[in-house]
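K.L.:
Starting from the given sequences, assemble the full structure and let the hints guide the process.
One letter stands for each residue in the lines below.
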Amino acid sequence: MTHSRDRIGNELLVLACQEGKSEAFRRLVEHWQERLWRHAFRLTGRDDAAWDVLQEAWLAIANGIGKLQEPARFPAWAYTIVTRRAADWVAGVVRREGREEDPRATLLEEQAAPEPEADGAVQLLRRALRRLPREQRVLLSLHYVDGFGVREMGTILDVPEGTVKSRLHHARSQLRDIIERIDR
Amino acid sequence: MSEFGDMLKEALMGDEPFAAAPGRNALEDSVKKFEQRIRTVRVMAAIAVTFMTLVALGGLIPLLRSDDDTSGRNLALYTILFLFGGMGISFGKLWFALMVNHIAVIKELKIVQLRVLQGRDPSEGS
Numbered sequence: 001m002t003h004s005r006d007r008i009g010n011e012l013l014v015l016a017c018q019e020g021k022s023e024a025f026r027r028l029v030e031h032w033q034e035r036l037w038r039h040a041f042r043l044t045g046r047d048d049a050a051w052d053v054l055q056e057a058w059l060a061i062a063n064g065i066g067k068l069q070e071p072a073r074f075p076a077w078a079y080t081i082v083t084r085r086a087a088d089w090v091a092g093v094v095r096r097e098g099r100e101e102d103p104r105a106t107l108l109e110e111q112a113a114p115e116p117e118a119d120g121a122v123q124l125l126r127r128a129l130r131r132l133p134r135e136q137r138v139l140l141s142l143h144y145v146d147g148f149g150v151r152e153m154g155t156i157l158d159v160p161e162g163t164v165k166s167r168l169h170h171a172r173s174q175l176r177d178i179i180e181r182i183d184r
Numbered sequence: 185m186s187e188f189g190d191m192l193k194e195a196l197m198g199d200e201p202f203a204a205a206p207g208r209n210a211l212e213d214s215v216k217k218f219e220q221r222i223r224t225v226r227v228m229a230a231i232a233v234t235f236m237t238l239v240a241l242g243g244l245i246p247l248l249r250s251d252d253d254t255s256g257r258n259l260a261l262y263t264i265l266f267l268f269g270g271m272g273i274s275f276g277k278l279w280f281a282l283m284v285n286h287i288a289v290i291k292e293l294k295i296v297q298l299r300v301l302q303g304r305d306p307s308e309g310s
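Here the protein sequences come in this chain order: A and B. For the first sequence, the working numbering begins at 1 and goes up steadily by one. For the second sequence, the working numbering begins at 185 and goes up steadily by one.
It is worth saying that the hints were derived from the structure and are not from the lab. Where a beta carbon is used, it is the ideal one built from N, C-alpha and C, also for glycine. Incorrect hints may have been included.
[Stated by the list, open to error] Calculated cross-link-like contacts (lysine-lysine; reagent style DSBU-like; alpha-carbon spacing at most 30 Å): (1) LYS277(B) / LYS165(A); (2) LYS165(A) / LYS291(B); (3) LYS277(B) / LYS216(B); (4) LYS277(B) / LYS291(B); (5) LYS21(A) / LYS217(B); (6) LYS67(A) / LYS21(A); (7) LYS217(B) / LYS277(B); (8) LYS217(B) / LYS291(B); (9) LYS291(B) / LYS216(B); (10) LYS193(B) / LYS277(B); (11) LYS294(B) / LYS21(A); (12) LYS21(A) / LYS291(B); (13) LYS21(A) / LYS193(B); (14) LYS294(B) / LYS217(B); (15) LYS21(A) / LYS277(B); (16) LYS21(A) / LYS216(B); (17) LYS67(A) / LYS217(B); (18) LYS165(A) / LYS217(B); (19) LYS291(B) / LYS67(A); (20) LYS294(B) / LYS277(B).
[As the list claims (entries may be wrong)] Examples of chain B residues lying across from chain A (beta carbon under 7 Å, computed): (21) GLY256; (22) LEU259; (23) ALA260; (24) GLN297; (25) GLY303.
P.N.:
Here it is in structure tokens:
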């Protein structure tokens, strides 16, 4: 129930933005800032890069929100913009530094936050997740943290629904394998 | 969500510490950009309406001042100018009215949905 109210409240904010109310846009930014930052962080692996990506994404959102036909599509649309900006950031780093490998490959392990208080199962999951490839982590986060369905995830990642389903299945089974290896 | 889903969510979020933006105000920059865009749209709309009004007046005034000596070719030109300007303003206003109406209708629907949800949830009161 609360989830539905939040969703409708969010759609009303988007409509107010389309009417040109800057206070509505401020509230929209406040409401989505943290979730979009987390998504950018997952994709870039660096908090400063996540802020750069988010800044550019908000500018694109400010420019394009008037043309958004369906206010209900705002979350998936905003996540898609962040995903594309993050891809541009990664491509830019690869081009500038002439790297061949993904610049984010080692960052996640290095930047992992200190273990917060959590029960054994959550800690085990956290250790397993750190060993999971970034793409699969992003996929699981979109589904389990942000609550997107397969169709929306397909839009965000620009892949067909079937591909999302199979990748999600693969990510879960790989996570299970890693947990079993850690537990052994 | 399942218990596994909840644990997975907790585990995933634990590794993503949300930190304040270092040395910048992302929120203010975004809102400024939005306000700037709204201002630009309004200025562009004002320029377009002014231009079309001038075109319409540029056709209407000589049309009203015309007499028997005015050639048919000029009369046709003034009429076309007036119609072009008038139609430009009319279509602009029509587009704006439709857009505002579209937003207003969706907004009303969303408000009704919200009231229905609140009505269903007794803990919400009125």
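K.L.:
If a hint holds in the structure, say so; if it doesn't, say that too.
P.N.:
Against the structure, the hints come out as follows:
1. Among the hinted pairs, LYS277(B) with LYS165(A) is inconsistent with the structure: their alpha-carbon atoms are about 47 Å apart, more than 30 Å.
2. At most 30 Å may separate the alpha-carbon atoms for a hinted pair to count; LYS165(A) and LYS291(B) exceed this at roughly 34 Å.
3. As the CA atoms of LYS277(B) and LYS216(B) are separated by approximately 27 Å, the hinted pair is consistent with the 30 Å bound.
4. Of the supplied pair hints, the one linking LYS277(B) and LYS291(B) holds, its CA atoms being roughly 21 Å apart against a limit of 30 Å.
5. Restraint check for LYS21(A) and LYS217(B): the C-alpha separation of about 13 Å stays at or below 30 Å, so the hint holds.
6. In summary, the hint linking LYS67(A) to LYS21(A) is supported, as the alpha carbons are separated by about 15 Å, within the 30 Å threshold.
7. Of the pairs offered as hints, the one joining LYS217(B) and LYS277(B) holds, with about 26 Å between alpha carbons and a cut-off of 30 Å not exceeded.
8. About 24 Å separates the Cα atoms of LYS217(B) and LYS291(B), which keeps this hinted pair within 30 Å; it holds.
9. A C-alpha spacing of about 25 Å is found between LYS291(B) and LYS216(B), which places the hinted pair at or below 30 Å, so the restraint holds.
10. Taking the CA atoms of LYS193(B) and LYS277(B), the gap is about 49 Å. The hint is violated against a cut of 30 Å.
11. Between the alpha carbons of LYS294(B) and LYS21(A) the distance comes to roughly 18 Å, so the proposed pair stays at or under 30 Å and holds.
12. Between the alpha carbons of LYS21(A) and LYS291(B) the distance comes to roughly 14 Å, so the proposed pair stays at or under 30 Å and holds.
13. Note on LYS21(A) and LYS193(B): the hinted pairing is violated, with a Cα-Cα distance of about 34 Å set against a maximum of 30 Å.
14. For the suggested pair LYS294(B) and LYS217(B), the alpha carbons sit about 27 Å apart, so the restraint of at most 30 Å is met.
15. The straight-line distance between the Cα atoms of LYS21(A) and LYS277(B) is roughly 20 Å, inside the 30 Å bound, and the hint therefore holds.
16. For a cut-off of 30 Å, the pair hint linking LYS21(A) to LYS216(B) stands: about 12 Å separates their Cα positions.
17. Between LYS67(A) and LYS217(B) the CA atoms are separated by roughly 16 Å; this keeps the pair inside 30 Å, and the hint holds.
18. Pair hint LYS165(A) plus LYS217(B) does not hold up; C-alpha atoms about 38 Å apart against a cutoff of 30 Å.
19. For the hint linking LYS291(B) to LYS67(A), the alpha-carbon distance of about 16 Å falls within 30 Å, and the restraint holds.
20. This hinted pair checks out: LYS294(B) and LYS277(B) have alpha carbons roughly 26 Å apart, not beyond 30 Å.
21. With a cut of 7 Å, the hint placing GLY256(B) at the interface with chain A is violated, because the nearest CB-to-CB distance is about 46 Å.
22. With its C-beta approaching chain A no nearer than about 42 Å, LEU259(B) sits outside the 7 Å limit, and its interface hint is violated.
23. For ALA260(B), the suggested interface contact is broken, since its CB lies about 39 Å from the closest CB of chain A, more than 7 Å.
24. Restraint check, GLN297(B) versus chain A: the minimum CB separation of about 5 Å is within 7 Å; hint holds.
25. Annotation: interface hint on GLY303(B) violated; nearest CB of chain A at approximately 11 Å, more than 7 Å.
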